[in-house]
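Order-wise, the sequence lines are chains A and B. To convert a position in the first sequence, counted from 1, into the working numbering, add 12. To convert a position in the second sequence, counted from 1, into the working numbering, add 636.
Since the hints were made in silico from the structure, they are not lab data. For every residue, glycine included, the Cβ atom is placed at its ideal position computed from N, Cα and C. Errors might be hidden in some of the hints.
[As the list claims (entries may be wrong)] Result set (DMTMM-like, lysine to aspartate or glutamate): computed pairs, CA atoms no more than 20 Å apart in a straight line:
1. A:455 / A:153
2. B:894 / A:235
3. A:289 / B:811
4. A:152 / A:273
5. A:257 / A:153
6. A:456 / B:721
7. A:289 / B:800
8. A:292 / B:811
9. B:894 / A:256
10. B:894 / A:153
[What the hints assert, rightly or not] With beta-carbon atoms standing in for the labels, derived distance ranges:
11. A:263 / B:695: 30 to 40 Å
12. B:795 / A:215: 56 to 66 Å
13. A:130 / B:684: 54 to 64 Å
14. A:187 / B:795: 51 to 61 Å
[What the hints assert, rightly or not] Some chain B residues well away from chain A (every beta-carbon gap over 12 Å; in silico):
15. 737
16. 743
17. 744
18. 753
19. 767
20. 789
21. 807
22. 857
23. 865
24. 872
25. 875
26. 918
27. 919
28. 928
29. 932
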Amino acid sequence: MNTTKRAGTALLSLALAGTLAACGSGGGQAQDDAAGGNVTIDYWLWDDNQQASYQACADAFHTANPNITVKITQTAWDQYWQNLTTQLAAGQAPDVWTDHVSYYPQFVSSGQILDIQPYVTRDKVDLTQYQDGLPDLWVKDGKRFGLPKDWDTEALVYNSAMLADQGIKPDEMANLTWNPADGGTLQQVIAKLTVDEKGHNGLDPAFDKNHVKVYGFLPEWADGSQGQNGWGDLAVANGWTYLDKNPWGTHYKYDDPKLAETIDWFKQLIDKGYAPKFDKQSTLGRDAVMTAGKGAMTFAGSWTINTYLGPDAKQKFALAPVPVGPAGTRTTAINGLSDAIFAGTPHKEEAWKWVKFLGSADCQNIVAGNAVVFPAIKTASGKAAAAHQAKGRDVHAYLDPTKTPGGTFLLPITDHGNEVSQIVQDAIQSVILGQAGAADALKKANDQVNALFT
Amino acid sequence: MKTMRAEERSQVAEPSDTGAPGRERARPRDDRRAAWLFLIPALTGFVVFFGYPTVRGFWYSLTDYNLLSAPAFVGGDNYAQLVRDPQFWHSLAVTVYYVVLNIGSQMLLALVLAALMHRLTRSVMLRAMLLLPWLVPNVTVGLIWIWLLDADLGFVNHLLKALDLGTVGFFVSPDWAMPTIAMVNTWAYTGYTALLLYAGMLQIPGHLYESAALDGAGELRMFRSITLPMLRPVLALVLVVSLIGSFQIFDTVAVASKGSGAGSAIRVIYYFIYQQAFQYFHMGYASAAALALALVLGVLTVVQMRLLRASRSDLA
Numbered sequence: 013m014n015t016t017k018r019a020g021t022a023l024l025s026l027a028l029a030g031t032l033a034a035c036g037s038g039g040g041q042a043q044d045d046a047a048g049g050n051v052t053i054d055y056w057l058w059d060d061n062q063q064a065s066y067q068a069c070a071d072a073f074h075t076a077n078p079n080i081t082v083k084i085t086q087t088a089w090d091q092y093w094q095n096l097t098t099q100l101a102a103g104q105a106p107d108v109w110t111d112h113v114s115y116y117p118q119f120v121s122s123g124q125i126l127d128i129q130p131y132v133t134r135d136k137v138d139l140t141q142y143q144d145g146l147p148d149l150w151v152k153d154g155k156r157f158g159l160p161k162d163w164d165t166e167a168l169v170y171n172s173a174m175l176a177d178q179g180i181k182p183d184e185m186a187n188l189t190w191n192p193a194d195g196g197t198l199q200q201v202i203a204k205l206t207v208d209e210k211g212h213n214g215l216d217p218a219f220d221k222n223h224v225k226v227y228g229f230l231p232e233w234a235d236g237s238q239g240q241n242g243w244g245d246l247a248v249a250n251g252w253t254y255l256d257k258n259p260w261g262t263h264y265k266y267d268d269p270k271l272a273e274t275i276d277w278f279k280q281l282i283d284k285g286y287a288p289k290f291d292k293q294s295t296l297g298r299d300a301v302m303t304a305g306k307g308a309m310t311f312a313g314s315w316t317i318n319t320y321l322g323p324d325a326k327q328k329f330a331l332a333p334v335p336v337g338p339a340g341t342r343t344t345a346i347n348g349l350s351d352a353i354f355a356g357t358p359h360k361e362e363a364w365k366w367v368k369f370l371g372s373a374d375c376q377n378i379v380a381g382n383a384v385v386f387p388a389i390k391t392a393s394g395k396a397a398a399a400h401q402a403k404g405r406d407v408h409a410y411l412d413p414t415k416t417p418g419g420t421f422l423l424p425i426t427d428h429g430n431e432v433s434q435i436v437q438d439a440i441q442s443v444i445l446g447q448a449g450a451a452d453a454l455k456k457a458n459d460q461v462n463a464l465f466t
Numbered sequence: 637m638k639t640m641r642a643e644e645r646s647q648v649a650e651p652s653d654t655g656a657p658g659r660e661r662a663r664p665r666d667d668r669r670a671a672w673l674f675l676i677p678a679l680t681g682f683v684v685f686f687g688y689p690t691v692r693g694f695w696y697s698l699t700d701y702n703l704l705s706a707p708a709f710v711g712g713d714n715y716a717q718l719v720r721d722p723q724f725w726h727s728l729a730v731t732v733y734y735v736v737l738n739i740g741s742q743m744l745l746a747l748v749l750a751a752l753m754h755r756l757t758r759s760v761m762l763r764a765m766l767l768l769p770w771l772v773p774n775v776t777v778g779l780i781w782i783w784l785l786d787a788d789l790g791f792v793n794h795l796l797k798a799l800d801l802g803t804v805g806f807f808v809s810p811d812w813a814m815p816t817i818a819m820v821n822t823w824a825y826t827g828y829t830a831l832l833l834y835a836g837m838l839q840i841p842g843h844l845y846e847s848a849a850l851d852g853a854g855e856l857r858m859f860r861s862i863t864l865p866m867l868r869p870v871l872a873l874v875l876v877v878s879l880i881g882s883f884q885i886f887d888t889v890a891v892a893s894k895g896s897g898a899g900s901a902i903r904v905i906y907y908f909i910y911q912q913a914f915q916y917f918h919m920g921y922a923s924a925a926a927l928a929l930a931l932v933l934g935v936l937t938v939v940q941m942r943l944l945r946a947s948r949s950d951l952a
């Protein structure tokens, strides 16, 4: 080998080594200021609507702990998990991140989240201050992987003007019933709210289902394996349960006839012309269709309050509680977020201080005051409701279920969440498209899903 | 073609071993030194960003790597699973369907456009305008068309409704979604392809057309008997390059798959790999799928080289 070649090789390997070294350095993005003992905690969240609230928390936290600075990074939901996972893979994860029940099982099984139970015990954090059920979402095998920060529930959102046009009183909306056989009073209201181009509503014999101007109901079909925005809530009201146990169940029950009945009920809404056909519906989201005045009613999570009731809403909307199911109870999915600490952070104590602050009344009251989401601490939830009230928004439909025993149910937390989501969503979409029967498609999907756990 | 270049390089490099150092006028050696110097940046990039990841990817394809835990060797399990995975074969079939639709419409349209430009106008303005869609980033192209073609709120369906033609779920209907995506990408790339073909047409000697005209041939006849045969080498190149490009369709599909899109009807192979890697975190399995795709593209490349060699004699 001559010198030139050797030099080339050396240069190349240098370049390579340099690149690799650059990849391998670090571990936890927190930066130490060696001299002053100052620490920066990197904190990630996805909701731009909430960034201001948490910045206010971070400022308050810094005032109380001048040696700790919290740096907030917001990334949209679509990129959030991908970014987080690659950062974790590179050992460069943020010290603390906002966590979601669908994604956290895989971080737990790969040992990426710090068990905070020892800190919770040491600092005697009062877990009863949180909304019932939420703290348990983040526990596996006696280890705790987060403190609850907020929750969301579902309600029906409807176009007030369209309701008035059909002579339906808002009071009636508060006591809707539903069953999979005839749809109860919910279906009556949906039918009345559906109007064709000549002005006939869905109960009128002259109603033309092929020329519908406003659909009485907008279903959500990109709702994964949970149906949080519709079919899940109604199926549970119909007596269905998702799986053998929750959290951490290993056997799903998508083959239950109670779920198939529920999906069939949605299908007949479409067949009658009360809801848009799957292959003719907008892909821009139900809120866009509602805003365009082409849909009268839909399920909406409490995180959409500002979309429908905020100052920029183009139509007058109002909320109604989810309908009472065949079992005589009304129930809505409740879901909560938490804050996770990166197991590899060099600043465990500082990160815990921040997480404890995020889970405290001090921070959650700040969040409540901004009236964007409902904080996990019960008293703070009340403050959030009051803040909404002050802005003239009636959000009781979201809050009441959390005060009623059995008014809420927890969404499933299991491994393989994303794969289950795709399998079940595909199956349900095939039913709605008329490509397969509900019982068959769901049975097949259920087998596929449960095979993931063997 | 990459291998050929590597061979040439080593052939040039061999004699250098005899060269003595420090002689100003030893031109061959100086060339070699300069050649190496110029090659280093590209070679470094190639090794760091292509060679190394490929080797690493191959290793991952033999493991159960999930991005977060250390990879464990599983042998050929991923490949065995891939062969049995109906989703993988489905995504391949969907991709081929797209390629056929897209290449078919794109080549035909581009050819017509190029011929029109060649025979009717030399307007630079027109050429620039044709290139405009190609300048728009793919994701933006996808978003624009999703809005325009939305089944309920889109402008096009608004028009169809006004004409009482009924609406079409362009991106949401499983029957329409793939043709729609092919149409969108045809819109985006036809101008570019047309320009390539047009450049090829400019190479055709003008006197051929003159004598054909003297012999009383019409435009259609001239296109069939002069333009098409003379264009064959360029046509072959453009065809195969677009073919491979089409196989790599991802952005438009990713944008259209958000929300309640057409679901599995548009889940192409790249989307399958993306889902496995970054949504299900099966990095090992995704690597196996990626290598399988590389194999398919490799075969296509061999076909490309064959075609090019075959057409080279035409030019002479």
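Exercise. Which earlier hints can't be squared with this structure?
Worked result: When the structure is compared with the hints, numbers 1, 4, 9, 10, 12, 13, 14, 20, 21, 26, 27 turn out to be violated.
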